[in-house]
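Trainee: With these hints in hand, go ahead and build the complete structure from the sequences.
In the order they appear, the protein sequences are chains A and B. Each step along the first sequence adds one to the number in numbering that gives the first Met the number 0, with nothing skipped, and position 51 is 50. Each step along the second sequence adds one to the number in numbering that gives the first Met the number 0, with nothing skipped, and position 129 is 128.
No lab work stands behind these hints, which were simulated from the structure alone. Take every hint as true, because none was put in to throw you off.
Where chain A lies over chain B, by a calculated footprint (3+ residues, C-beta under 8 Å): (1) 63-69; (2) 72-86; (3) 92-106; (4) 130-141.
Computed beta-carbon distance windows for the label pairs: (5) B:G295 to A:R632: 42 to 50 Å; (6) B:V63 to A:S508: 38 to 46 Å; (7) B:R52 to A:L66: 25 to 33 Å; (8) B:R52 to A:R581: 39 to 47 Å; (9) B:L17 to A:G547: 38 to 46 Å; (10) B:A129 to A:V69: 41 to 49 Å; (11) A:P53 to B:L147: 24 to 32 Å; (12) A:R632 to B:L17: 43 to 51 Å.
Pulled from the structure, derived: some chain B residues nowhere near chain A, Cβ distances all over 12 Å: (13) Y187; (14) L195; (15) A293; (16) A294; (17) Q304; (18) Q305; (19) A318; (20) Q321; (21) G328.
Every residue, glycine too, gets a C-beta built ideally from N, C-alpha and C.
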Amino acid sequence: MSAVIAKLNVRQFSLLSAAVFAAILPHLSRLPWSLTLLLPVLLFARWWQRRWRPTPVSALLKLPLALLIVALTLMQYGNVFGREPGSALACGMLVLKLVESETARDARAAVLFAAFVLMSALLFAQSLFYTAFLMLVLILLLAVLRQLQAQPANTSVAWRPQLMHYLRDAGLSLLAGAPLALCAFLLIPRFTSPLWGAPNDGDSARTGLSDRMSPGDISNLLNDDSPAFRVGFNGEAPAPAKRYWRGPVLWNFDGRAWTRPEWADTAAQVTITASGAVIDYDVTQEPSSQRWMLALDVPIDVPADATRFTDLTVSGRHRDTTNPHRYHLRSVMDYVLQPELSTTERRHALQLPRGFNPRSVALAQQLRAAHPDDDVALVREVLQRFRSDYTYTQAPPELGRESVDEFLFDTRAGFCEHYSSAFTFLMRAAGIPARVVTGYQGGYFSNVGRYLLVRQSDAHAWSEVWLPQRGWVRIDPTAEVSPSRIELGATATRGGDGESWYHPEWIASLRNQFDLANRWWNEAVVQFNALRQAGLLQPFGIEHADYGQLAWLLSGCISVILAGMTLWTLRRSRGAGDALDRSYALLCRKLARAGVKRGTSEGPRDFCARAAASLPESAAAIRALAQRYVNLRYAHALCVSAELHLFDRAVRTLRVSKRKP
Amino acid sequence: MNRREHAVTGASTTRERLLQVAEKRLPSLTRLRQAETLPIRLHRHRIYVLPTRYGLAFALMLFVMLMAALNYGNNPALLLTSLLGAALLTSVFRAVRNLDQVELLSVQVAPVHAGEAMNFTLNFTAPERAHYGLCLSGTFGEMPFDLLPQQENRISVELATERRGWLAPGRLQISTDYPFGLFRPWSYLNPQLRFLVYPKLETNAPGFPLATRAEGQRAMRGADDEFANLRDYRHADAQRLIAWKASARHDRLLVRELERRQGIELLFDWAQLPELSYETRISRLAAWVNNAAAAGMRYELVLPQQHLAPDSGEAHRHACLQALALMPGAQQ
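Mentor: If you want it as structure tokens, here you go:
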């Protein structure tokens, strides 16, 4: 066909270039920097060249370029297979395709390839807005295809309206396909296990909580407003001050950092005497490079594929760096945890490095002397000191080797990490078993979505001390210094640090609304798996739909949708002539109701003359209408739609009273 | 189309021969219809659609994307793939609808002589909506066009002519690659039309004889007629017009050529040209008719079975050319 061989004109090539650029755009930040620089430059240079000197690019240039792109990929990744090298190579080849594109056929091939590149971008990130952006690029790709049709030679339509027309057309096509796509999305049977290796490289995932805490670590998280996890409660959510999300418990202190020792990763029976109500909830954790799972303090039931260690740290079997992880937990809030402490555990809970923080050790011994037998009074006194003399800040001064000493006696300012660290140190030095618990505190409860959103900035650290008979008791020294941190959440405490100007209320509320959409997206789309698909037919009485049933349903739905669209396509169109017929038929019905029926062989003139004669009250109107009908029907070659409309209105407004007998 | 025409045009390729067989044996399948009267409106019973090669390639790519998305359990990718697939699949409906209700109202041509290109103007209407990316193909090649609603859309194509006589545009295929070029619906238009192709004009035809008929002679202007020039005597020139003196001087017969010929009535007689071949005779007579008409003279045409009385004007010229075009041996 000549249409295929046709050379691309400037508009077609420009739109194609834009579409190719949009397709590689999501990849750019991930590509090796050499390609990140090379590809956009190459693309722009080619567009410029085609725009001003429309000649084909010589093979002498194309071949080295192709080799260069392969070489750069190999240099970065070592091979060309796998997710990252593969997508880098695909981006490069797509730009090369643009370099050699001259005809409509080339452009179509480029669009085909761009669709693949676009999809591969989703292997790296799957958030709502990322996907939404890719859908917009899809519109651009369809617009390119739409523009490639054979066009009449001498059209001179302005570029902008034409482009808008194409984009609108492409957008409408996507909309028209939406029901079918939704149906396919829901019902295409999912694989329960992958056919070939699934991606498992964790470099791109978020860090999340680590099993190490030293001043400054959590601080990075505190400024990270991305979601950490979301919680849906079966019942009421606990009060904000009680939302302690337990992460890894840290036992070892080396003078500088708190770490989690290996021995702590042992599962053993833990005595928990619960007195309050059991809280049932589902946590959806964002992709993370850590295996820790977050549980409301304290968890009593964990999923089968998770382990709860002796210190109630919950760990998943494996980490998932690309997909959100969803799990169900049960917790209690009023409890007595481990009323009996074994000697080993006691030893671990009292461990302190030698030769560090002498002033703090002296303070602890002084406090112990003041309260020889009363642990509770000792704890109270320390908290009292914090309350009166210390301030909360997220930008604390630097600390030296004697970090606890310097914090307790010199700087006296810090955040959760400093307080829990110093508090636990003092407790241990005073002979009270204590440990640091890291996790999250607070969260934003969305009344619309009925779920709790916990951000990375809600990261927190607190202490647990072991008291005889009462077991492990949670003490949050930060709460003494900055009660609002606990009552209102991390964002409320940012005020004093001079960064509030870009976090006004409305932006915060907008962000929370925004998260609602993200959560919905995660729940409904990203985590839709084989298991949930199998439960899809539960409302119809099928507990566990198998592949066969899904396939039947899928083909059934597709058939129904396609049949509907076929009917739409083939529906009898209401042409201009038909509109006139309809108006005339209405006139005949009105007159028939008034008692004058049209004979089968009666023409409009005769019939209306007869009607006018027997209905003298509206005779003039009927005669006028008859004349207009005859004119419209027989006088003009093509009916003018405005006149048709007027005639129709006149017929509709005609009132005919019944013929008197 | 009838068998004789197939024999005449000759089915050159296997594909065309197969199409002819299909047309004869399975008219309902191929729907290559008998010629119809205008106007012809396309509707669902006569629109066919198949995916293009590009459509098939895209289907393959979508399958690859689907497999990748399913394998990685990547739901957004699956959603993207299904959305793209659904949009492309449902484009078949828009494609068919793009051809539906297109109507060929009329066809106009300007008369031409054999050997010249015949300019066909097809007048399409679209009763409701615009139709984009249509393509008309036939013996003339391909002609892309758009239709705008509620107005006359004139599409001009050029058709080569070879022989005098009737020329039918034949079966025209109308197709579209709207909206994305993945499906190609098509339909055939076979309007029952034929146009007359006038005989080929003889190139460098000699000037026409100035013979007049005795009985048809009008009052000739006398010697006061202005002589434009003299030319060689030709067989069938009237003796009256020979310039005897000039002929004597130049030692050959010369005739006076009159500048004002309105008054003269010419006679173009088939029998005057016995030395020429059949078709050449027709060509020469056609050329003469044209020349005489261009000069605004009255002329008479005598053919073996037809006689057109002397007259002037366009209507007369067309009548004469038509008579010549339809002389036995014309294309039917």
